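From just these sequences and the hints, can you work out the full model?
This is what each chain is made of:
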Amino acid sequence: MRLGALLALVLGLCVLGCGIPAAVADQADAVASVAAEGALLADDAAEGDTTAAFVETHSEELATSAAELADGTQSPQLRQIADRVVAALERLHAEPGDRDTAANVARELTQAAAQAGELAKSGP
Amino acid sequence: MKRILSVALGILAAIGGFVDIGDIVFNVQAGSMFGYQLLWVVVIGVGGIMTYAEMCGRVAAVSERAVFDAVRERLGFGVGLVALVAGQFVNLMTLTAEIGGIALVLQLLSALPYRVLLVLAAVVLLLVLWLMSFQWIERVFGYCGLALLVFAVAAIKLQPDWGRVARGFVPSGGSGDLAVYLYFVVGLIGAAMVPYEVYFYSSGAVEERWTPKDLGTNRANVLIGYSLGGILSCALMICAGALLLPNGITAELLGTVALVAEVPLGQIGLLLALIGTLFAVSGAAIDSAFSGGYNVAQFFGWEWGRYRKNAGAPRFTIAWFVMLTVAFVIVMTGVDPILVTELSVIFSVVALPLTYIPILLVANDRAYMGRYANGRLSNVLGIFYLVVVLVIAAAAIPLLVLSNMGQG
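For the record, the sequence lines run as chains H and A. Note that the numbering used here has the first sequence beginning at 1, numbered continuously upward. Note that the numbering used here has the second sequence beginning at 1, numbered continuously upward.
Take the hints with a grain of salt, since some may be wrong.
Claimed, not checked - Using 25 Å as the maximum straight-line C-alpha spacing, the simulated SDA-like pairs for lysine to any residue come out as follows:
1. A:K157 with H:A87
2. H:K121 with A:A179
3. A:K157 with H:T110
4. H:K121 with A:K213
5. H:K121 with A:L178
6. A:K157 with H:K121
7. H:K121 with A:G248
8. H:K121 with A:N247
9. A:K157 with H:A103
10. A:K213 with A:R376
11. H:K121 with A:G174
12. H:K121 with A:R376
13. A:K157 with A:L146
14. H:K121 with A:P246
15. H:K121 with A:Q407
16. A:K157 with H:A52
17. H:K121 with A:N404
18. A:K157 with H:D43
19. H:K121 with A:L146
20. H:K121 with A:G176
21. A:K309 with H:A25
22. A:K157 with H:D49
Read the hints as simulated data drawn from the structure, not as lab findings. From a predicted model like this one, the values you see are computed outputs, not experimental measurements.
Below, the structure is given as structure tokens:
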């Protein structure tokens, strides 16, 4: 009984504790990670090296991750970058087969990843 | 041809057990965070599962009895019951994660709604478990899972720094957050040595009616199957280390795993990665569902086995059916399969000693095994890995908390 309660407590702490990092630098790293991954995905979409179903699904998952990070941060600058990442990924999700859109999204996300990376280096 | 097909059990155990959703997630995450620094842990994990799977197969071939028979006999009813409950808890978490994983892969292939695909996954699993013979399950899911070899090709195509890859096979303290590094050491060994692999493997040996004449087949299954699993694990980590780490990407999603094959190999790489993952994760779901049925049936002395058909072993059939149903209900509540995967691996580490101690005792018992009891090499390796298992079992939960589930 005690062991069960302990396991439930550990599970609860882990589920509640994981996800969004507390420090702005870590949050910025997480935004940079999502943006960089989105840029790779968009690049492949622009080159026609992927499938529309994969782009549609994975861009949505990444947009959800970026939105959670945007909601969880206290830094207005990081929130702005994260919101841009969400918007770009949502465009990719809406038009997964459009190569021109994908090329534009790839450029925007590469830029956003670099900005978030800079913020991570300068932040606490 | 017959010889090639005879190693299907090992390949299914490796593809559906070793390279399951837990292994895929942990290897890619480890590679994205630590590059090639944790490759040595894969070797430790492969050695561990090879050592104990060989013992399980040998015990099954000699005694025609599977692991949980031995657990109850050796540990007694009370401790055996604790082992059963712990084993079933981990099996249930694993099965939940695998069903969610199947739906996630199907979604990446089709873009259909996740919950619809969860229902589809559960129905197809039910039909496979109900209708397919053990031999055909091994062949279809084991061999189709070989599509995962695309990650080995992707690893070569990504042109990693092979000198650094080679250095990764030498144990090191690792750079960065020590708690996170150790969390991945524990997670990678745990993912390689999950208990349901040996439950399934030993029960599969009984299903296939192995006798002492099949001990060569047992060794071939273990060597070929788990070496293959180890190669795939290393390939996943190398891909992540070569592609994700330099781009500052931390793997959190199953789609990221497919992306590491897509970037170097294009659409064909993506499709092979997704199909291979689909069969590997489905194979793991089948392994863990059957393991749930095997464990209960063997512990209570019920009739069990696919060779008896469903009506011939009704309580065994009900046991795996209940397991599948409960896992499906849990995953339908909306829990994140990747989170469940990570937790299931860490909790399985805690349960490892309860699985591996009785196997070592039985395989070493000359009264039970006769001239097929453990030799010196098996005992040295068995005791070494038992110490490893005990250490990581004690460290698993503290590291889970200290590393914030590997998030740092």
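Structure-based check of each hint:
Straight-line distance between C-alpha atoms of K157 (chain A) and A87 (chain H) comes to about 33 Å, which puts the hinted pair past the 25 Å bound. Taking the CA atoms of K121 (chain H) and A179 (chain A), the gap is near 22 Å; set against the 25 Å cutoff, the hint holds. Proposed proximity of K157 (chain A) and T110 (chain H) is supported: the alpha carbons are some 23 Å apart, at most 25 Å. Distance hint between K121 (chain H) and K213 (chain A) is unfulfilled; the C-alpha atoms sit about 63 Å from each other, more than 25 Å.
About 21 Å separates the Cα atoms of K121 (chain H) and L178 (chain A), which keeps this hinted pair within 25 Å; it holds. As the CA atoms of K157 (chain A) and K121 (chain H) are separated by approximately 31 Å, the hinted pair breaks the 25 Å bound. Proximity of K121 (chain H) to G248 (chain A) is assessed by CA-CA distance (about 13 Å); at most 25 Å being required, the pair is judged to hold. Proposed proximity of K121 (chain H) and N247 (chain A) is supported: the alpha carbons are some 15 Å apart, at most 25 Å.
Between K157 (chain A) and A103 (chain H) the alpha-carbon distance is near 24 Å, which keeps this suggested pair within the 25 Å criterion. The suggested pairing of K213 (chain A) with R376 (chain A) holds, with an alpha-carbon distance near 21 Å, which does not exceed 25 Å. About 22 Å separates the Cα atoms of K121 (chain H) and G174 (chain A), which keeps this hinted pair within 25 Å; it holds. Distance restraint check for K121 (chain H) and R376 (chain A): the Cα-Cα separation of roughly 54 Å exceeds the 25 Å cut-off, and the hinted pair is therefore not satisfied.
Pair hint K157 (chain A) plus L146 (chain A) holds up; C-alpha atoms about 18 Å apart against a cutoff of 25 Å. A distance of roughly 16 Å separates the Cα atoms of K121 (chain H) and P246 (chain A); the hinted pair therefore holds under the 25 Å criterion. At most 25 Å may separate the alpha-carbon atoms for a hinted pair to count; K121 (chain H) and Q407 (chain A) meet this at roughly 18 Å. Between K157 (chain A) and A52 (chain H) the alpha-carbon distance is near 24 Å, which keeps this suggested pair within the 25 Å criterion.
Between K121 (chain H) and N404 (chain A), the direct Cα distance comes to roughly 22 Å. Compliance with the 25 Å bound is thereby established for this hinted pair. At roughly 18 Å between alpha-carbon atoms, K157 (chain A) and D43 (chain H) fall within 25 Å of each other, so this suggested pair holds. Between K121 (chain H) and L146 (chain A), the direct Cα distance comes to roughly 42 Å. Violation of the 25 Å bound is thereby established for this hinted pair. About 16 Å separates the Cα atoms of K121 (chain H) and G176 (chain A), which keeps this hinted pair within 25 Å; it holds.
For the given pair, K309 (chain A) sits about 58 Å from A25 (chain H) by alpha-carbon distance, which is inconsistent with the 25 Å threshold. At most 25 Å may separate the alpha-carbon atoms for a hinted pair to count; K157 (chain A) and D49 (chain H) meet this at roughly 15 Å.
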